[in-house]
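*Asks:* Go ahead and model the full structure; you've got the sequences and the hints to work with.
Keeping their order, the protein sequence lines are chains A and B.
The working numbering puts the first residue of the first sequence at 140, with every later residue one more than the last.
The working numbering puts the first residue of the second sequence at 7, with every later residue one more than the last.
Simulated from the structure, these hints should not be mistaken for laboratory data.
One should not assume that every hint holds.
Derived DSS-like pairs (lysine-lysine); straight-line CA-CA distance at most 27 Å [to be verified]:
| hint | chain 1 | residue 1 | chain 2 | residue 2 |
| --- | --- | --- | --- | --- |
| 1 | B | Lys149 | A | Lys299 |
| 2 | A | Lys499 | B | Lys149 |
| 3 | A | Lys402 | B | Lys149 |
| 4 | A | Lys299 | B | Lys128 |
| 5 | B | Lys128 | B | Lys105 |
| 6 | A | Lys316 | B | Lys149 |
| 7 | A | Lys316 | B | Lys145 |
| 8 | B | Lys149 | A | Lys312 |
Listed next, the stretches of chain A that the computed footprint assigns to chain B, with coverage defined by at least 3 CB atoms under 8 Å from CB atoms of chain B [what the hints assert, rightly or not]:
| hint | region |
| --- | --- |
| 9 | 359-366 |
| 10 | 376-388 |
| 11 | 488-496 |
Note that the Cβ used here is the ideal one computed from N, Cα and C, for glycine as well.
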Amino acid sequence: MSLSRRDFLIRSSLFAAFSPSVLAACSSGSGGSKKTVSIAAWPAYLDGNDNPKDSPTVKAFTAATGIAVDYQIAIDDNVAFTAKFSGDLKKGKAIGFDIAQPTSWMAANWINNGWVEPLGDVPNKANVIDALAKPAYDPDRSKSMPYSIIQTGIAYYPDKTGGEITSIKDLFKPELKGKITILTEMRDSIGFMLLMNGISPAEASVDDMLKACDELKKLRDAGQFRKITGNGYLEDLSTGDTAAAMSWSGDIAGIQADTPDLKWIIPSEGGMLSSDTLIIPKGGNVETASAWINFLYDPKNSGPLFEAINYGSPVKGAGDSMTAAGKASSVINPPIDAKLIAFRDLTADESVKVEDAFVKATQQ
Amino acid sequence: MAGAPKPEGEGVRPSRASIPWFLLAPGLVWLTLFFVIPLFELGRTSLRDGGLSNYSNVFSDNGTVIKRTFVYALIATVLAAAIGYPLAYFIAMRAGRFKTLLLSAVVVPFFVTYLIRTLAWKILLYGDGPVAGFLRWTKLLSKNGEILNTHAAVIGALVYNFLPFMILPIYVSLDKIDRRLLEAAPDLYANGRRTFLQVILPLSLPGVFAGSLLTFIPACGDFVNAELLGGDRQQMIGNIISNNFLRESFRPQLSALSFVLMLLILIGVLLYARILGTEELA
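*Replies:* Quick look at the structure:
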């Protein structure tokens with residue numbers, strides 16, 4: 140079993156001062172005679188159970204390029220990860236990583252703040268899927284590349300929900316009061332509310348979002364939500380204590396082997412699409428980082444890696460290098476169609492306004 | 007030397023008056039660096055952006071959670087005292103040669119880290135777990151009822167996690183009671199109940215007081231139990247602070263919330279000290 144982001148969060152909160160990323164920040168990210176690429180990653184994102192020594196991808200990369208990989212699970216939360224390094228980044232100091240993989244909206248913040256190096260030589264860049272080729276925050280993909288595709292949908296146990304769930308409305312019906320969980324990720328939870336109201340999260344106004352926060356608060360006050368969590372939802376979902384959960388595709392694929400009754404759907408109103416995004420933090424080694432990105436964008440390398448970690452690959456043709464089962468899985472090879480919608484980019488002011496209302500609605 | 011007039015600035019020996027300062031210095035430096043300065047910084051942050059309105063908004067924004075936090079901590083403290091006192095009494099007064107063994111039985115489980123112990127509770131309490139199964143079998147829990155994500159789960163875990171901090175101070179204060187007083191009481195026609203109420207209990211109050219503080223204060227600030235065993239309706243102040251402190255725009259409000267939490271705890275403790283009259287007992 141892979142390590143969930145939540146487990147990592149707990150550990151890191153206890154040992155924050157000693158976490159590898161802090162230690163890494165003390166040493167310089169590059170240099171020396173041997174070439175290295177130092178990667179700050181989310182948990183459960185590398186084959187070989189997150190252990191670079193066991194990872195076929197890392198082994199193949201080092202064999203092909205001669206570059207050693209210093210792989211550190213240093214991201215447990217977009218905001219926390221960024222806050223940890225924002226002081227150094229503002230001063231233009233290197234943070235000790237050559238690659239980081241925040242979620243796209245946070246990568247957009249990094250790019251807007253000038254905290255990234257432009258990508259170097261990445262010939263395989265052309266293999267990125269069309270849906271993610273021209274984001275507003277980096278239209279020519281000169282500063283970032285998607286690492287993974289994450290779908291936000293609904294996982295549920297039909298016997299515990301009293302029937303099939305096909306829509307977001309179903310998830311919020313009174314019969315499921317206190318039995319469902321939603322996510323602390325604003326763009327997912329508010330995205331769902333907007334979709335339910337027939338508003339596209341790709342175009343919603345701030346007022347639409349604030350209204351969605353109010354509605355969410357009403358549902359919460361009525362006791363609809365068992366819990367509002369980050370990766371923590373997985374524990375109660377895998378034990379069957381939660382009947383249905385707003386959830387992330389790769390997580391569900393990861394536990395489905397142990398929970399054969401658990402079903403996964405993209406709701407009829409639509410689901411949310413996001414991607415964690417590779418960037419080169421200011422001061423990072425552009426040469427080794429670009430080599431890593433280029434390696435990941437070879438479909439032959441991307442296919443097996445993403446089949447192992449259960450997330451969607453953003454690389455065209457990656458499915459051809461998967462087994463038949465991996466190729467057939469809609470979780471690993473999502474049909475990128477109109478039903479999956481990415482939340483629109485928010486300006487810094489908009490983001491503060493909506494996040495503030497969201498936290499008030501979901502926590503206080 | 008005695009009686010000889012003391013010449014000014016004799017040798018390098020520190021003057022009598024400065025000795026306490028030398029002894030205090032390490033503690034003072036530590037406190038200044040890691041308590042006073044951060045506290046000052048927190049106070050400054052709490053006045054950023056909204057200024058004083060950060061404070062006036064604390065109750066309107068977090069009223070429910072603040073109330074819940076104090077109710078949880080209070081119930082947990084009372085329960086810990088109710089469970090801890092008889093146990094401490096037994097160990098101090100009746101355990102004889104098993105005293106050390108029993109004391110270590112109280113302490114040893116706590117060599118395992120806080121987090122692991124709380125996670126273990128989660129495993130015990132989940133829907134298909136042993137505890138819920140047993141309670142359903144006895145019909146104390148309905149078929150769809152659950153223990154996780156209830157007030158009882160969070161309060162129970164708070165009691166469990168802080169119990170030794172209640173037991174140990176009570177044990178110490180009971181153990182040091184002069185046994186001759188207990189012999190004198192029946193000589194003066196006090197029955198067992200009166201001996202307890204008029205001799206033992208008053209003499210052990212400093213222990214109860216210390217134990218209550220050691221339980222109540224950390225319980226007020228705790229977030230691990232509510233995070234792991236509670237649901238949306240069991241969140242405590244600590245959860246709000248831990249979830250959002252890294253969000254830049256929330257920091258002033260949360261700093262104000264931290265100060266209000268400190269102030270409320272301080273008021274509570276002072277009231278408690280007044281009621282118990284511990285100044286005279288100590």
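*Asks:* Next step is simple, just say for each hint if it's right about the structure.
*Replies:* Cross-check of the supplied hints:
| no. | hint | verdict |
| --- | --- | --- |
| 1 | B:Lys149 / A:Lys299 | 12 Å, holds |
| 2 | A:Lys499 / B:Lys149 | 34 Å, violated |
| 3 | A:Lys402 / B:Lys149 | 23 Å, holds |
| 4 | A:Lys299 / B:Lys128 | 21 Å, holds |
| 5 | B:Lys128 / B:Lys105 | 31 Å, violated |
| 6 | A:Lys316 / B:Lys149 | 16 Å, holds |
| 7 | A:Lys316 / B:Lys145 | 23 Å, holds |
| 8 | B:Lys149 / A:Lys312 | 21 Å, holds |
| 9 | 359-366 | holds (count 5) |
| 10 | 376-388 | holds (count 3) |
| 11 | 488-496 | holds (count 3) |
Figure legend: structure checked against the earlier numbered hints; hints not met, in rising order: 2, 5.
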